[in-house]
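K.L.:
Spelled out from the first residue to the last, the chains are:
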Amino acid sequence: MPKVYIYILVMAAVTYLIRALPLTLIRGEIKSPFIRSFLYYVPYATLAAMTFPAILSATDYLISAAAGFAVAILLAIRGKSLLFVACGACAVVFLVELFLH
Amino acid sequence: MDNKKWFQRGIKNGLPICMGYFAVSFAFGIQAVEGGLTVFQAGMLSLLNVTSAGQFAGLSVIIAGGSYIEMAVLQLIINLRYLLMSTALSQKLTSRTGTLARLGIAYGVTDEIFGVSVLTDGELNPFYSYGLTAISVLGWTGGTVFGAAAGAILPESAISALGIALYGMFIAIIIPPATKSRPVLMAVLGGMFLSTAAAYAPLIRELSEGMQIIIITVLVASVCAVIWPVKEREEG
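As you go down the protein sequences, you meet chains A and B in turn.
The first sequence lines up with residues 1 to 101 when you count with my numbering.
The second sequence lines up with residues 1 to 236 when you count with my numbering.
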C-alpha cells in the first residue's frame, strides 16, 4: 500500500517541525525569570508524569512492575548510572516473574 | 573536551536509552507487521519519527485508514511536548551553534535524549547530542526491524522485563536531582500525582496521553516557577 508512505511522511514532517522550530528560531537567551524557571522544571514534571502511573502497567504483572519501580527508585537515590538503574529494574522484574510462573 | 570526546560520551550515556528503546520499539515492530505494514515500512517509520507515543497512535490511524489531516493533528497534539523541550534546549546553546547543527539536534529531541542532554552542566555541545541520538536511533530502528521480522522468537518473560527499561531510565534521570533540591522533588511528586489523578478524572481521562502530559507539565512547571524561581547558579 503506497498510502502507507504518505502517512509516514506526514507524521515525520509534523513531528520534525515541532522539534526544529524552537531550536532554530529562538537564538538568544530568554530573559524572563518566570520562563527560565518554567523551562528548568519542564523535564522533571514531564518525565515524572510519564513514569507514574504508567510504569505499573509496563510489565505483565502489577507486582513485578511495582518491585521494579521500587528498586529503580532505590538505585537512583544511591546515584547509580542510567544503565545500571534500567538493567536493575529489568532484572528484578524478570526474577519476580520467575516466581510467579 | 573536543567534539570527538563529546560524541563518544554521547554514545556511552545513550546506551541505556538504546536498550530501553530496543525493548519498546520491538513491541512496536510486532504491532506494525500485525497491522499490515512491511518490515521496511516499519523500520522507515521508526527512523523518520523516533517517537514512541506518536508512533503507536499513528499506527492505529494507518490501520484504520484515517485521513492525512487526522494524522497530522494527532501527531501535533501528542508530540507538542517536544515544543517545550526544544525551547528548553535552545537555552543550552549559544550563537556559536549554527542552523545546521540546530536542525541536527532537533532530529533527536525525544523525552529520553532531551532528559539526558538538558541536564548536562553548562553549554550543550552538538556532538554530544549527535552521539546520544545516533546510538538511540540505532536501538529504536533496530528494535523495530527486529520485532517486525522476528517478533515471535523472544520469550514473553523477556519482553515483559524489557518493558520497564525505559521507565527505569526516567527514574535515574529525575530522582538524583530530586534528592538534592526540594523544589525539584516537588515537581517530580506533583507530576506523578497529577498524572495518576488524570487517569481517573472525568473528561481529563478522555484526552490523549500526550495532551495530558502537556497540561500536567505546564501546570506543575508554572506553579514551581512561581513558588521557587530559579536563580542563575542553580540551573543545570
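Treat the hints as calculated values from the structure; they're not laboratory data.
A quick note: this is a predicted structure, and the numbers were derived from the prediction, not measured.
Watch out, some of these pointers could steer you wrong.
[What the hints assert, rightly or not] Across the chosen pairs, the derived CB separations fall in these ranges:
(1) Met211(B) <-> Leu25(A): 21 to 29 Å
(2) Ser208(B) <-> Ala13(A): 16 to 24 Å
(3) Met1(B) <-> Leu98(A): 42 to 50 Å
(4) Tyr200(B) <-> Leu98(A): 42 to 50 Å
(5) Ile73(A) <-> Leu80(B): 23 to 31 Å
(6) Arg205(B) <-> Ile35(A): 45 to 53 Å
(7) Arg205(B) <-> Leu62(A): 31 to 39 Å
(8) Ala149(B) <-> Gly28(A): 41 to 49 Å
(9) Gly28(A) <-> Ser208(B): 14 to 22 Å
(10) Ile204(B) <-> Ile73(A): 40 to 48 Å
[Stated by the list, open to error] So these bits of chain B aren't anywhere near chain A, every CB distance computed over 10 Å:
(11) Lys4
(12) Trp6
(13) Gln8
(14) Gln31
(15) Glu34
(16) Gly54
(17) Leu93
(18) Leu138
(19) Phe146
(20) Ala149
(21) Val184
(22) Ala187
(23) Pro202
(24) Leu207
[What the hints assert, rightly or not] Here are the simulated BS3-like cross-link-like pairs (lysine-lysine), alpha carbons at most 30 Å apart as the crow flies:
(25) Lys80(A) <-> Lys4(B)
(26) Lys5(B) <-> Lys180(B)
(27) Lys3(A) <-> Lys5(B)
(28) Lys180(B) <-> Lys12(B)
(29) Lys80(A) <-> Lys5(B)
(30) Lys12(B) <-> Lys31(A)
(31) Lys12(B) <-> Lys92(B)
(32) Lys5(B) <-> Lys92(B)
(33) Lys4(B) <-> Lys92(B)
(34) Lys80(A) <-> Lys180(B)
(35) Lys80(A) <-> Lys12(B)
(36) Lys92(B) <-> Lys180(B)
(37) Lys4(B) <-> Lys3(A)
(38) Lys80(A) <-> Lys231(B)
(39) Lys31(A) <-> Lys180(B)
(40) Lys231(B) <-> Lys92(B)
Every residue gets a Cβ at the ideal spot worked out from N, C-alpha and C, and that includes glycine.
K.L.:
Minimum Cβ separation between Ala187(B) and chain A greater than 10 Å?
P.N.:
Contrary to the label, Ala187(B) does not stay out of reach of chain A, its closest Cβ about 4 Å off (not over 10 Å).
K.L.:
Taking the shortest Cβ-to-Cβ distance between Leu93(B) and chain A, state whether it exceeds 10 Å.
P.N.:
Non-interface label on Leu93(B) violated, nearest chain A Cβ at 8 Å vs cutoff 10 Å.
K.L.:
Does Glu34(B) clear chain A by more than 10 Å, comparing its Cβ with all Cβ atoms of that chain?
P.N.:
holds, 14 Å
K.L.:
Are all beta-carbon distances from Gln8(B) to chain A longer than 10 Å?
P.N.:
For Gln8(B), whose nearest Cβ neighbour in chain A is about 15 Å away, the distance exceeds 10 Å, so it holds.
K.L.:
Non-interface claim for Pro202(B): all C-beta distances to chain A beyond 10 Å?
P.N.:
Given a closest Cβ separation of 17 Å, the condition holds.
K.L.:
Given a hinted range of 45 to 53 Å, is it respected by the beta-carbon distance of Arg205(B) and Ile35(A)?
P.N.:
violated, 30 Å
K.L.:
When you take the CB atoms of Met1(B) and Leu98(A), is the distance between them in 42 to 50 Å?
P.N.:
holds, 43 Å
K.L.:
Assess, step by step, whether the Cα of Lys80(A) is no farther than 30 Å from the Cα of Lys5(B), and give holds or violated.
P.N.:
holds, 22 Å
K.L.:
For Leu207(B), is the shortest beta carbon distance to chain A beyond 10 Å?
P.N.:
holds, 13 Å
K.L.:
So does Arg205(B) sit 31 to 39 Å from Leu62(A), Cβ to Cβ?
P.N.:
violated, 19 Å
K.L.:
Can you let me know if the beta-carbon spacing of Met211(B) and Leu25(A) is within 21 to 29 Å?
P.N.:
holds, 24 Å
K.L.:
Is the Cβ of Gln31(B) farther than 10 Å from every Cβ of chain A?
P.N.:
holds, 14 Å
Hints 4, 6, 7, 9, 10, 16, 17, 21, 22, 27, 30 and 37, counting from the list given before, are not met by this structure.
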